[in-house]
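Produce the complete structure using the sequences and hints provided.
Heads up, the sequence shown is in the numbering used here, so the first residue is 869 and it goes up one at a time.
Treat the hints with care, since some could be wrong.
Label-pair distances were calculated between CB atoms; the ranges are [stated by the list, open to error]: (1) F892 with G1139: 36 to 46 Å; (2) I1028 with L950: 14 to 24 Å; (3) V891 with I1144: 21 to 31 Å; (4) V895 with A946: 23 to 33 Å; (5) I1028 with S1136: 24 to 34 Å; (6) A1024 with V963: 17 to 27 Å; (7) S890 with I1028: 43 to 53 Å.
The set of hints was computed from the structure by calculation and includes no laboratory data. Even glycine gets a Cβ: it sits at the ideal position worked out from N, Cα and C.
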Amino acid sequence: MAAFSYAIYNFWPSLQALVWPSVFSLVATMSMWVLMVLLLAAAWGMLLRCLGAKSARPFLIVDIHAHSWLGRYLPAKAGLLLGKTLRSRELALSVGVVARSVLIEQLMFLAVGAVMASAYLWFSPAGQQFLRWGAVDATQFGPIIIGALGVFLLVASLAILRRTAGGSMPAFPIACITILLVLSHSASGMAMYFLASGLGLAIDVTLLQWVGLSSLVNISGSAAMIAPAGLGVREAVMGVALSANESSASLIIYLMLFRLLTMVVDASYLGACLTIKFLGRQDA
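Below you can see the structure in the form of structure tokens.
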């Protein structure tokens, strides 16, 4: 954030001339981010049911997920694990099983995102340009490596899932979890698209390519364990991918505003769950 603040100071004359987004684009961006988070909660809930949490209420899963999701902002994303394992008793599962559910969830999220990102890097001109950034040209082997990594992570996550569940898993719930994760990456891409459209960025990227870019951004942020909620890493990947077609001033506003909106949604997600629980206690 200090780097962003310095950049705003440096580019302030240019920033004053920018077109600011409409209310519609802001609401659409935040709505798509909400959808992404809820899809991730649904995927984790389905995963828990595969591991034995048959009676867990949907709101309980969403509430635990909300605490864990905001916990990503702790150093090393520690809250992502702690937010769920500390409430394992409410799910009638052991701490170990819940911890493995988080591991499986993250591996599957990375696996699906890596496969989607490899398609973006392989077929998208913007993706090819991203692979040629600086002195490195990874256009030939980059997508293959990322795609292969995605397949490996998916196989590994399913192996852990089968071992934790104590046997083979039906294909249907696994397919549903995978679809939910694909949709979550897609919702993130649509959030990025709506904000870029609202700012009037002159970026020649289709909606499908935004989805691919968001997958690359998501896996980069998730893999950077040292960065709370991928702070700085996500912005760096987005900045490099979009820098060819847009001015530095416009990109700074886009990156800062997108981060700010997503942080507001993340905090509101937990706030909504806490409010519902409080009102429920009052009625009781």
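The hints, checked one at a time:
For F892 and G1139, the hinted distance range of 36 to 46 Å is not satisfied, since their beta carbons lie about 23 Å from each other. Taking the beta carbon of each, I1028 and L950 are about 20 Å apart, inside 14 to 24 Å as hinted. Distance hint for V891 and I1144: a CB-CB separation of about 26 Å, consistent with the stated range 21 to 31 Å. As the Cβ distance of V895 to A946 is approximately 32 Å, the hint placing it in 23 to 33 Å holds.
Between I1028 and S1136 the beta carbon distance is about 33 Å. The supplied range of 24 to 34 Å therefore holds. In this structure the supplied range 17 to 27 Å holds for A1024 paired with V963, their Cβ-Cβ distance being about 21 Å. In this structure the supplied range 43 to 53 Å holds for S890 paired with I1028, their Cβ-Cβ distance being about 45 Å.
In the structure shown, a violation is registered for the earlier hint numbered 1 alone.
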